[in-house]
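Chemist: The lines below spell out each chain.
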Amino acid sequence: MSELGPDEAARQKRKQIVWQLSGDHRGINAVAKQANIEQLENPRDLEKFFRDMVFIRKFEEKCNVAYRLGKIGGYMHTYIGMEATAIGWNAALRPNWDYVITAYRDHPQPLLMGSDPIAVMAEIMGRSGGLSRGKGGSMHVYDIERGFFGGWGIVGGHTPLGGGLAFAAKYRKEDRVTLCYLGDGAANAGVFFETLNMAALWDLPVIFIIENNEFAMGTRLEYHAADTELWKRGAPFNIKSERLDGMDLLTVLQDAKRIVDYVRTEQKPYLVEVMNYRFSGHGAADNDRQLYRTKEEEEANYKRDPLLRLKAVLRERNILSDETMEAIEEEAENRVEDIYETADASPFPEPHEVYMNVYTDMEPEVGH
Amino acid sequence: MIAATTELSFRDALRKALTEELERDDNVFVMGEDIGRYQGTFRVTEGMLTKFGERRIIDTPIVEPGFTGIAIGAAMTGLRPIVEMMTMSFSILALDQIMNHAAKIHYMTGGQATVPMVIRGPSGAAKQLSAQHSHSMEGWYAHCPGLKVVAPATAADAYGMFKASVRDDNPVIFVENPGVYTIKGQVPDDVNYLVPFGKAAILREGKDVSLIGYSRMTHVNLAAAEELAKDGIDCEVVDVRSLTPLDTETIYESVRKTHRAVVVYEDWKNGGYGGEIAARIGEDCFDDLDAPVVRCGGLNVPMPYARVLELECIPDVKDVIEKVRKIR
Numbered sequence: 001m002s003e004l005g006p007d008e009a010a011r012q013k014r015k016q017i018v019w020q021l022s023g024d025h026r027g028i029n030a031v032a033k034q035a036n037i038e039q040l041e042n043p044r045d046l047e048k049f050f051r052d053m054v055f056i057r058k059f060e061e062k063c064n065v066a067y068r069l070g071k072i073g074g075y076m077h078t079y080i081g082m083e084a085t086a087i088g089w090n091a092a093l094r095p096n097w098d099y100v101i102t103a104y105r106d107h108p109q110p111l112l113m114g115s116d117p118i119a120v121m122a123e124i125m126g127r128s129g130g131l132s133r134g135k136g137g138s139m140h141v142y143d144i145e146r147g148f149f150g151g152w153g154i155v156g157g158h159t160p161l162g163g164g165l166a167f168a169a170k171y172r173k174e175d176r177v178t179l180c181y182l183g184d185g186a187a188n189a190g191v192f193f194e195t196l197n198m199a200a201l202w203d204l205p206v207i208f209i210i211e212n213n214e215f216a217m218g219t220r221l222e223y224h225a226a227d228t229e230l231w232k233r234g235a236p237f238n239i240k241s242e243r244l245d246g247m248d249l250l251t252v253l254q255d256a257k258r259i260v261d262y263v264r265t266e267q268k269p270y271l272v273e274v275m276n277y278r279f280s281g282h283g284a285a286d287n288d289r290q291l292y293r294t295k296e297e298e299e300a301n302y303k304r305d306p307l308l309r310l311k312a313v314l315r316e317r318n319i320l321s322d323e324t325m326e327a328i329e330e331e332a333e334n335r336v337e338d339i340y341e342t343a344d345a346s347p348f349p350e351p352h353e354v355y356m357n358v359y360t361d362m363e364p365e366v367g368h
Numbered sequence: 369m370i371a372a373t374t375e376l377s378f379r380d381a382l383r384k385a386l387t388e389e390l391e392r393d394d395n396v397f398v399m400g401e402d403i404g405r406y407q408g409t410f411r412v413t414e415g416m417l418t419k420f421g422e423r424r425i426i427d428t429p430i431v432e433p434g435f436t437g438i439a440i441g442a443a444m445t446g447l448r449p450i451v452e453m454m455t456m457s458f459s460i461l462a463l464d465q466i467m468n469h470a471a472k473i474h475y476m477t478g479g480q481a482t483v484p485m486v487i488r489g490p491s492g493a494a495k496q497l498s499a500q501h502s503h504s505m506e507g508w509y510a511h512c513p514g515l516k517v518v519a520p521a522t523a524a525d526a527y528g529m530f531k532a533s534v535r536d537d538n539p540v541i542f543v544e545n546p547g548v549y550t551i552k553g554q555v556p557d558d559v560n561y562l563v564p565f566g567k568a569a570i571l572r573e574g575k576d577v578s579l580i581g582y583s584r585m586t587h588v589n590l591a592a593a594e595e596l597a598k599d600g601i602d603c604e605v606v607d608v609r610s611l612t613p614l615d616t617e618t619i620y621e622s623v624r625k626t627h628r629a630v631v632v633y634e635d636w637k638n639g640g641y642g643g644e645i646a647a648r649i650g651e652d653c654f655d656d657l658d659a660p661v662v663r664c665g666g667l668n669v670p671m672p673y674a675r676v677l678e679l680e681c682i683p684d685v686k687d688v689i690e691k692v693r694k695i696r
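Chain order of the listed sequences is A and B. Read left to right, the first sequence gives residues 1 to 368 (the numbering used here). Read left to right, the second sequence gives residues 369 to 696 (the numbering used here).
Straight-line alpha carbon distances no greater than 16 Å define the calculated EDC-like cross-link-like pairs of lysine to aspartate or glutamate that follow: (1) B:K694 <-> B:D576; (2) A:K170 <-> B:E422; (3) A:K173 <-> B:D394; (4) B:K567 <-> B:E617; (5) A:K268 <-> A:E242; (6) A:K170 <-> B:D394; (7) A:K173 <-> B:E422; (8) A:K232 <-> A:E242; (9) A:K311 <-> A:D322.
No lab work stands behind these hints, which were simulated from the structure alone.
With these hints in hand, go ahead and build the complete structure from the sequences.
Modeler: Right, dumping it as structure tokens:
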């Protein structure tokens with residue numbers, strides 16, 4: 001090894017730490033199941049969460065198909081494999097009151113927060129009936145009225161905005177909680193550290209959810225983070241921080257409720273590193289995942305599939321039969337198909353719309 | 369009826385506007401580096417912390433991207449933050465937040481969200497602050513759709529345009545050349561005195577050459593016009609006041625009358641916003657021109673420390689006169 005070259009030994013050590021703790025967090029579930037989580041686990045709710053998860057999975061699969069057909073352009077990032085995280089955390093929120101902001105893997109949040117799924121799909125397909133009138137696309141979905149603040153494309157760039165949403169709630173003396181999702185890649189961004197400092201300094205009621213899906217685009221954690229225990233990012237600022245599971249819905253539900261309640265009551269920031277895994281590539285344009293991970297690794301992680309785990313729970317507890325679950329899946333598939341067809345039949349923006357909404361009250365200089 | 373006025377410096381007029389807007393609307397707050405306990409580097413926010421308290425006057429860590437982003441997030445919920453950049457040179461750190469976030473939010477959300485915030489601060493050379501504290505940034509922001517950019521020259525405009533900035537629903541970059549803070553003028557005694565954007569002002573009428581500028585350069589142009597008048601050259605001084613929106617009508621009207629134009633700006637001559645104004649005149653008033661449109665910009669060098677070199681960089685009366693003589 002050259003003196004100036006990368007320190008392979010250190011990198012291996014970093015990698016080991018990830019997997020060691022990943023092993024730990026995979027073991028958390030057993031403990032969680034024994035905890036008192038009755039209120040979160042009534043059969044009706046579990047069925048609803050199952051329907052949500054199936055719906056998001058089918059929606060995202062349809063997006064992948066539409067992308068390959070050329071019906072969706074640009075960059076698109078699906079949430080397949082990570083659904084338990086968004087569903088579990090969303091369930092802990094007060095609808096139409098709390099704030100949510102995330103990066104560009106942003107399809108599930110508006111779907112869970114009550115946005116019209118046709119308007120979400122239409123946005124992804126660049127139609128004028130999209131939530132952002134076709135100006136945003138897959139990476140920039142917003143539903144401000146419902147408290148969903150996007151939908152951002154600069155890694156780490158939205159994290160101070162998340163702090164700002166919490167700042168606004170505190171300024172107005174409202175008990176809104178803000179969820180600010182970011183990826184493991186964004187956990188290295190300078191502006192994220194600046195935000196953590198101010199969130200702690202000013203006691204902002206915001207939860208930073210680092211979704212550690214183990215890859216910053218195609219760069220594995222131990223190649224991009226000097227300390228792969230990302231939950232420690234909160235420690236220098238005295239922010240309460242934890243590493244949590246993001247694949248087992250029952251665990252996520254419990255953690256999320258506990259932490260959202262804490263932040264709402266205590267009016268302090270919180271940081272969690274949620275361990276999940278991105279089943280798809282970074283984006284739909286990323287079609288050679290073997291450049292950065294092996295098929296064996298993927299196979300092993302597919303066994304952690306949040307949907308399979310939830311099905312097992314529903315089966316074990318006799319909440320839903322296999323037949324019913326299959327019927328729900330088929331129903332979701334048909335519903336997504338209808339959503340897609342309706343969105344696809346909707347118009348593209350008119351050329352004159354290009355100048356709309358640059359400003360609230362004027363147009364920019366017109367013409368080339 | 370002529371409203372009563374009071375003589376104030378640009379800085380005092382700005383502070384008065386800031387104070388009154390804070391009193392008028394609880395959604396308005398100010399954040400920035402050393403604006404509270406330290407009273408503001410250029411003393412614009414002097415006394416504000418005592419008057420309004422820590423909720424409204426917020427001393428931030430020295431992290432422009434972070435606090436600008438927090439202000440943007442707050443603005444998206446309807447609050448009206450005023451962010452002070454200790455100098456606009458430091459706003460370069462926050463460019464991603466300003467240009468890639470604030471400027472684009474109304475558009476990217478399809479009109480769902482607005483960003484009613486003001487980013488204000490000194491832009492341009494003060495005195496011997498050298499290369500990293502002296503840059504004029506307004507051209508960069510005026511380049512970017514989604515931002516409004518205003519650069520008043522007089523105390524009355526500072527007062528009326530600042531109030532208009534705070535009440536605007538778009539992100540506004542409010543530019544204060546350090547050289548204008550002490551310039552005095554009559555300011556209307558009217559808490560609702562608003563100077564609308566996109567209206568240039570003719571500060572001196574003339575028939576021979578249009579001198580077009582904004583902020584401190586308007587004062588340089590007025591002084592140059594005085595000098596040139598002694599030689600029988602009658603200059604019209606156009607104070608652009610707002611870069612975005614740009615009042616091309618008033619500028620063109622002046623050029624159609626004088627048939628000659630010199631655009632004066634402190635920013636680097638190369639690629640500065642004066643070049644854009646000159647290009648527009650060339651494109652739209654070609655038949656009215658008797659001479660090429662001339663730019664008189666800051667020298668294309670990093671701002672040097674030595675006073676004699678610094679003064680060399682900034683366009684002054686002598687430089688403007690030289691340009692006028694080139695075309696007249």
